[in-house]
Structure formats: structure tokens, C-alpha cells
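**Q** Spelled out, the chains give:
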Amino acid sequence: MAEKNDIILEVKDLHVSFKSYAGYVRAVRGVNFTLHKGETIAIVGESGSGKSVSVKTIMGILSKNAVIDSGEVLYDGMDLTKVDEKVFHTLRGKRIGLIFQDPLSALNPIMKIGKQITEVLILEQKMNKEDAKKKAIELMRAVGIPQPEVRFDQYPFQFSGGMRQRIVIAIALASDPEILICDEPTTALDVTVQSRILELINKIKEERNLSVIFITHDLGVVANMADRVYVMYAGKVVEFGESEEIFFEPAHPYTWALLSSMPDLETKDEKLMAIPGTPPNMVYPPKGDAFAARNQYAMQIDFEEEPPFFKISDTHYAATWLLHPDAPETPMPEQLSQRIKRMKEEG
Amino acid sequence: MTRYIIERIIAMFITLFIIVTIAFCVVRMMPGSVYDNPELPQSVIDALEAKAHLNEPLLVQYGYFLKGVILEGDWGTSVKIEPSVPAFDVLVKRIPVTLEINIYSLLISLPLGIIFGTIAALRKNKLADHLISVMVVICISVPSFVFASLLQYVLAFKLELFPIVYESTAVGVQRFASMALPIMALAFGPIATVTRYLRGELVETVNSEFMTLAKTKGLNQVQATVRHAFRNSCLPLTNVIIPMFTNVLGGSLVIERIFSIPGVGGIMINSINANDHPLTIAVLIFYSLVSLLTILIVDLSYGIIDPRIRLEAK
Ligand SMILES: Nc1ncnc2c1ncn2[C@@H]1O[C@H](COP(=O)(O)OP(=O)(O)OP(=O)(O)O)[C@@H](O)[C@H]1O
Ligand SMILES: [Mg+2]
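In order, the protein sequences belong to chains L and D.
For the first sequence, our numbering assigns the number 1 to the initial residue and increments by one for each residue that follows.
For the second sequence, our numbering assigns the number 1 to the initial residue and increments by one for each residue that follows.
Be aware that a few hints might be false.
[Claimed, not checked] Listed next, the in silico DSS-like pairs over lysine-lysine satisfying Cα-Cα at most 30 Å (straight line): (1) L:Lys86 - D:Lys126; (2) L:Lys82 - D:Lys124; (3) L:Lys94 - L:Lys37; (4) D:Lys126 - L:Lys82.
[What the hints assert, rightly or not] Covered by chain L, according to a simulated footprint, are these stretches of chain D (three or more residues, beta-carbon under 8 Å): (5) 208 to 215; (6) 220 to 228.
Read the hints as simulated data drawn from the structure, not as lab findings.
Here a beta-carbon is modelled for each residue, glycine too, at the ideal position from N, C-alpha and C.
When you get a sec, could you build the whole thing from the sequences and use the hints?
**A** Encoded structure:
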């Protein structure tokens, strides 16, 4: 899977900021990731860590006050940070699709569901009305909308949240993209609906051989979806590796904290370890390791110098001084290693 | 939808009834009477008042009035302004020109307001937006009679482009030319209101999630704006049309005087001054009815445009 030539999308050293009244918000400060054909990667991290901003850059839908300071988004021989709107327009939806964070407000409240799916087919792919309708109904059936013929003529307010999210997925699939970006597609939904939507995305991914970027702050979701995981903190990737590596051999204290704060079935009696403190103010990003202030294992150097990526395996890297050969041996928290042991035993 | 319409119409009649009742009581309780004429002997005054049921309690008077309106279509008879002419006929003669001027001014202000509002929203915080903002502030804060006087002085008196006053006998282009100034004077406010409102709405919808979705699914900026932002922003616009129309009606009370237009506005003021109560009441009913009809039309069109109302109110 990790062969160089099947890379479909590559983000290189991306820096994105926002001009705001509070100052220059450095939302993304050097993000790197690669997406291979047919692969699902997950980007996880606390709220505000820059996940959405990263994918909005890929889609070219950053708000007006955003500035791409530096970096590249390589796709199909182009750098998407530099292509003009005309070219981007030929990619959006048709080559790269996006599913939104909030299905409740993503649909136009006064336009019929069917029309919201077909309009792009008619306007952009020059399909005629009947064909577009046929395709839309097919898509609605594929995402599990019962009675799609009836539903076609209804409005968003007549749909439940889960069904709206299915429609948003159908819209994203309408133009047959090869990359599907899911930005927390299930946060607004309840747990049972959530797992059904995730199953659906997995199924569609298999059927259409999509490459998926999956964004979430729910590590439980990641385990079911992703081949590889990127952990983001304060606008940077701090650790990445294959799913098993991140779950079973996490190396960055932030990943430890994230994993410890994740509820699972066994942890009923254990106390969940909420991550202490709050993320840094991105107008004044801290020197050194941004997580240092909340990190009980932080060393002097964490406050002074930014850690480089240390290689753990060919696929697994983490940016923490704890991996430096001179650093004192620091095992992960006891509670977490217990838990990992248990998870491994269960397989 | 039918049920929604019926409900609206019933609500309208109830409101109208309440307004008429209040109007009747207030007008009748005003001090003074047309018949207070020192030259007439008291016995004659008494006889006249008895004939008009003015000697009876207010409630009974109201009963007579309602009976007349509902059973005979009799709105009372003007006693002073146009003596012995039924109030209804006095009104009917004057309604067309008033409505004409008001409706024309609304008709030109909607599209203009929509155009300016759209430009301002899409050029937000650019020069065009700032210029339009200044215009809006001026047009909203200056009352329409000031514009009317200015227009009359500059365009009609100095430049002689338009007639100074309304010419009720003129026809065709000439007539329209004589209506142009009052229409313009009444339009500035509404243009500004629509501009300001649409700009706000549009700026908000342009940043909405479904606009982003429209873009990410592959529509270009123009398609997304026209198909998703614009229609959605015009929907709440129906909300400002009601106050706008009643404002314009109010404004035209004065405008009609400035341009000597023989409309309803003039007799409203005159009839109050002359204690011509039946006429005052008739005019009040006319104004309330027009306002209520506007509300009804707006409500219904809201129902047609917004599927959430249309479908839920089956
Ligand atoms: N339009 C904007 N103007 C100013 N700052 C912004 C804007 N959009 C995002 N930011 C800032 O960028 C940072 C990253 O935001 P982003 O939306 O990428 O977070 P996220 O990781 O997606 O979080 P969540 O899990 O809550 O969706 C935040 O600090 C946020 O305040
Ligand atoms: Mg987000």
C-alpha cells in the first residue's frame, strides 16, 4: 500500500492562517499527509486543532479571511493551493467530494431534496432531467433512503437528521469523485444512526474504490474505518502511523491523552482521563512542543524547541522529545497500557 | 394550504372588526360635532342629531353603523366634505389614484432595492458597498416629504422636467409624468429598506453551510449564489414589505398634499378637521383594510414560497 506511485493526494508542509480581530490565527502550522489510492486515512484531534481548515484548503473553500502562508496540496500533478478558481471548479465535487460536519444545516431548506442532488448533474454534467432523476433515485437507494421516488420530491425538513446525512452523502457521490473527504460526518447524529452511516461510507468506499479522508475526534470511530491515522494537535500533525500502531503503540503523550480520554465498554468503573487544560491560543502559538503545557511528561526542552519527527517504524512516526535517544525512558500511563493489553487480547 | 388560506382570511376579518370597533369609538368620542353651528337653533341641531342617532348611547350607534355596513353596504354619509354623498362613494372616487401611486412606488423600489442589496452583499466592505450604505442611511433617515419638496423644487420648478403638481385630467405619458415625482419621493425609503435588509440576509446566506455544500458539490460561484443564496434571502424580504407598504401609505398622506393629488390622504386630514365623522371612519376602514390585505397577501405568498409552511399547514 505504501508505494510511492499510488499516492493520490499529498499535503506538504501546509500553513494556513486567518486574519481576525483577535490577530493572526495560525490554524494550520505545517501539516503533512499522504493519501494512497483506495486507502482510508483518519485525521483525529481535539476541537480547533485545524482538521477542518486542512480539508477546506484541499477543497478550496476557505473563508475570505484565510491566508495560505505556505505549503502544497499535490493532486494529479497540480498544486491545489495555486490553481485558479476555474480549474478548481472542475475538481470540486467531480474529483474530490466532501461530506460535511453538520447535515442539519448543509441542505438548502427551501429546495426539494431531489433537485439538490440533480442540479449539479444537470448543470455541470449536462445530463437531461430524466437521466439525472434516475441517477438521483439510484443514489438515494444506494445510501439507504426508503421510497426514494417519494422522497425525491420532499424537502429537508421532512427528513430526519440521519436521512439528511445520507442525502449529503448521496450529493457527494453524485459526480463520482475519486476522493471522498468526510469531515466529522456523524457528530451531529445519535449513536445508532452514527454506526449505520459509518457502515454505509465503508460499503460505498469498497464498491467505488474511493480514497477517503476521515475526520473525527472520536477514536472509536477511527478503529473501524481507517487504514492509517494522523493525530493533530494545535495545527500540526504530532503522530501518524497505521491504525494498529496508533492504537497499540502510541508514542506521543497527546495520543496517550486522547486514547485515555476515549470511553470504551470496559472503562465503566475506570475514571476517564480528561485531558487537563485547554488547547493553546493560536494567535500566539507556543514555542517548542505545543502540547507541553498540558503534558505531565514534559521536559525542559519541550518548552524551548520544537520536536522533529522520530521514526518508530517505517510507517509510524511521532514528534515528541520523549523518543530522543537521550530522553529518559518514559512508558505510557499504566491505565492506558492495561487497556491496550485488554484490547489486544480481544483482538 | 387551503386551510391555511381560510385561517388567514378569518384572522383578517377578526382583526378588521376589532380595528373598526376601536376606530368607531375613538372617532365618535372626539369632542365636537358637525352640527355645532351657532346659527342653527338648538331644536334643529337636536333633530339632526337624532336623525343620525347621535343622541343614543355609543353601543347603539355602533349597532346602527354595523347594520348599515353589513346589510346595506352603507358606510354612512359624508356630512361636511361632500355633503349628502355616501362616504363609500367619496372614497371610491379617490382610492384609485392613491393606490396607483403607492403601488407604483413599491413596484419600482423592490427591484431597485434587490439590485442594490445584491451588489452591496456581493461587494461587501468594498467601495460599492460603502457607497450604497451611505445612500441607505440618507434615504431611511430623511422623511419622504423632504424628498418630495426637493424633487418638486429642483426637477419640476427649476428644471421644468416634470409638472409641479398632479394633473388629474391629463392622460397617457403626460399623466404619468405628473405622477413621477410623488412616486419617486415615496420610493426612496422602501428602496433603502429593501437594500439594507437584502444585504444583511444575503451576506448571511452566502456564508451558510448549504452554500458551501453547493460549492463543494461542483456548482460555480454564480450558480451557487443565484440558486441557493438569492432565493433564500428573498424569502424573509416578504417580512419587510408589510411595514414598508403601510409606511408608504402613511407617507402619501403628506405627499398627496404637496403634489395636490386628489387621493384618500387629503380627505383623511380634512374630514377629521371638519368633524365629518362618517367619512373619517370610512377612511380609517379603508386604510386598515389595505394594510390587512397586504399582510394577507404577504402571508399567503410566504406560504407559497416556503415549503415548510406550505406543507405543514395542509
Ligand atoms: N473563518 C475563520 N476565521 C478565524 N479563525 C478560524 C476560522 N475558521 C477556523 N478558524 C480557527 O482555526 C482553528 C482550527 O479550526 P478547525 O475548524 O480546523 O478546527 P477542527 O479541528 O475542525 O475542530 P472541530 O473538531 O471542532 O471541527 C481554530 O482555532 C479556529 O478558531
Ligand atoms: Mg471541524
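**Q** Look at each hint and say if it fits the structure.
**A** Hint by hint, here is what the structure shows:
{"no.": "1", "hint": "L:Lys86 - D:Lys126", "in the structure": "23 Å, holds"}
{"no.": "2", "hint": "L:Lys82 - D:Lys124", "in the structure": "24 Å, holds"}
{"no.": "3", "hint": "L:Lys94 - L:Lys37", "in the structure": "16 Å, holds"}
{"no.": "4", "hint": "D:Lys126 - L:Lys82", "in the structure": "25 Å, holds"}
{"no.": "5", "hint": "208 to 215", "in the structure": "holds (count 7)"}
{"no.": "6", "hint": "220 to 228", "in the structure": "holds (count 5)"}
Checked against the numbered hints above, the structure breaks none of them.
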